[in-house]
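When you get a sec, could you build the whole thing from the sequences and use the hints?
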Amino acid sequence: MATLAVDTSQTDALNLQVLQRQDNQIAEIVGTASHVVVYEFDQVEASWKRKEVEGSLFVVKRYTTPRFQVFVNNRLSTVNMAIGIDPQLNVDNVDEFLIIRCANPSATTGFKIYGIWFFPEADRQKTLKLLERILATVKNGDPAKLSPKPDHHKQHHHQQQKAAHATQNTSRDTKGAQSFGPIGSPKRASNKKTLSEAEGNAAGKAILGMISQNEQSVDEEKPSSQGDASANGRKNRPTNADVFALQEVNIGQRYGQHTQLQETLSTALNTPYSVFASPGARWYIEQIPYLGVLMSGAKNPLAQWAYDGYAWFNERFLASILGRHTQTVYHNEWLKVILYGLLGSGWVFGTSLLAREDKSPENNDILLIGDWRAAQCVEITLENKHKMLITNVHLSSAPDQENIRMHEMQLVCDWIQEKLALNPELQTAIIMGDFNCHPNGDCYNFIASQGYKSAYFTAHGKEPEVTFHQGLEAPTKDVGEPCTLDYIFIKGDKVHVDDIKVIGQSQCDQDSTLYPSDHFGLVANFSLIEN
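Residue numbering for the sequence shown follows full-length UniProt numbering, beginning at 1 and increasing consecutively.
By construction, these hints were calculated from the structure, which means they are not laboratory data. Any given hint might turn out to be false.
As the list claims (entries may be wrong) - Beta-carbon label-pair distances, calculated as ranges:
hint: 1; residue 1: W415; residue 2: N445; range: 16 to 26 Å
hint: 2; residue 1: N445; residue 2: A398; range: 54 to 64 Å
hint: 3; residue 1: A13; residue 2: K129; range: 21 to 31 Å
hint: 4; residue 1: L76; residue 2: R21; range: 28 to 38 Å
hint: 5; residue 1: T458; residue 2: A13; range: 44 to 54 Å
hint: 6; residue 1: K129; residue 2: Q20; range: 19 to 29 Å
hint: 7; residue 1: A421; residue 2: G441; range: 20 to 30 Å
hint: 8; residue 1: Y63; residue 2: P105; range: 31 to 41 Å
The structure presented is a predicted model; accordingly, all values stated were derived computationally and were not measured. Ideal Cβ positions, reconstructed from N, Cα and C, are used throughout, including at glycine.
Dropping the structure here:
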């Protein structure tokens, strides 16, 4: 299949300008990797530890020594990481990591060993091959290849970076450097690797829920979640969630964003996740006798193939078909219905819950709340046998539908209350998602009247300033004034809100108009109160 060439010259030039503000000796970018996390081997304790360095990686060519350099533009602080590529440097591929041994910048002798995790994985192999070619050139000592021309600023790859100021250079002579030896890889380091912000939220709106009770953590600043509960009072890091809740997810039967995120999380966090998908319109159709069986993807292979096809089609072509006419189309009821059917969007539009399998997710259930929408819930069990009911909602979105949202929440609250009454082991209920209602509006106040409290308000005494924003530029985005529409509500006297924050507020590194979502996410830390 032919591919469309994309002109990246403007972005490439911008990337080079950003890097040159940090090191004016950088002449050109010869390679990039979208997202890396850096670990360092502690030679005294013989163990791997994660450094506070993560971000996009550049392989650059410089005017002065070192002529080539690995440069990580650190998104966690203003201290970047630079490793000079000299003849003594060693690189290897171990497990899921690129292992680099280089000079120790703080001593005249000795060396440092770094393990670098890449996302996506293909960037690791690409970077390894590039470094091997550069090392071969460096060791041959060809001056023509080592000296870039001052006016030659061509880059082969790109990645726009956040500004940073301090750079750590690790390019010293490592005389007598030997092979790595049996050091293994950072695969079992105390802090596991992290997802990028964009990937952590890629499956839908950035309203990601998390109830977490362990310390096998990822980076504390990374997003992807909405609630993090810790029964032992220890702080856990947000990406390593027990439960993720997402809205506006593209759901086929076996193919779709829900299964893609399930695979990504299970691999990156080294723990299996179960996924529970709720494609709203399909649930309604399946309630119709006979027709429901025919349209069921679980019972009819033809329907399964159709839904997977719709998911694939919408993933690749929906934005280009609608162009900039999305709001005109979807705010016209007749056009919306017609296109929902013709393009298949209505069959694959829904919500998803993902839960760690070691939390024994069970009793997944669906409630039809009208307007082709459905609430979904799942029960999880923590290590101390504390059971929680987690509910994911996406309420009606039009500004004049507050009464409809109140009716939807009445159905949801009654549904949850019935489950709590039937199962005394369920001690806590959490509702999270895109409520499409403003703080202190009628729907918000109704939820509070049902015994629920907002986790963010409980922790901060106010709701966040904005969770729905207009920084994202995409054909299929919603438009409107920036406001707060997304919440985590909790019910039960066994849970204490330790902390909650807004996440996903950073643009994609390569495009300032690209965000993980048009909604920011929430991540909260909870602890359980035993008595």
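For each hint, the structure was consulted:
Separation of W415 from N445 is about 20 Å and conforms to the stated range, judged on CB atoms against 16 to 26 Å. At about 19 Å, the CB distance of N445 to A398 disagrees with the hint of 54 to 64 Å. A13 and K129 have their C-beta atoms about 25 Å apart, which keeps the hinted 21 to 31 Å range intact. Checking the proposed 28 to 38 Å range against L76 and R21 shows it is violated: the Cβ atoms sit about 19 Å from each other.
Separation of T458 from A13 is about 47 Å and conforms to the stated range, judged on CB atoms against 44 to 54 Å. Checking the proposed 19 to 29 Å range against K129 and Q20 shows it holds: the Cβ atoms sit about 26 Å from each other. At about 28 Å, the CB distance of A421 to G441 agrees with the hint of 20 to 30 Å. The given range of 31 to 41 Å is broken by Y63 and P105, whose C-beta atoms sit roughly 20 Å from each other.
Of the numbered hints given earlier, the model fails hints 2, 4, 8; all others are met.
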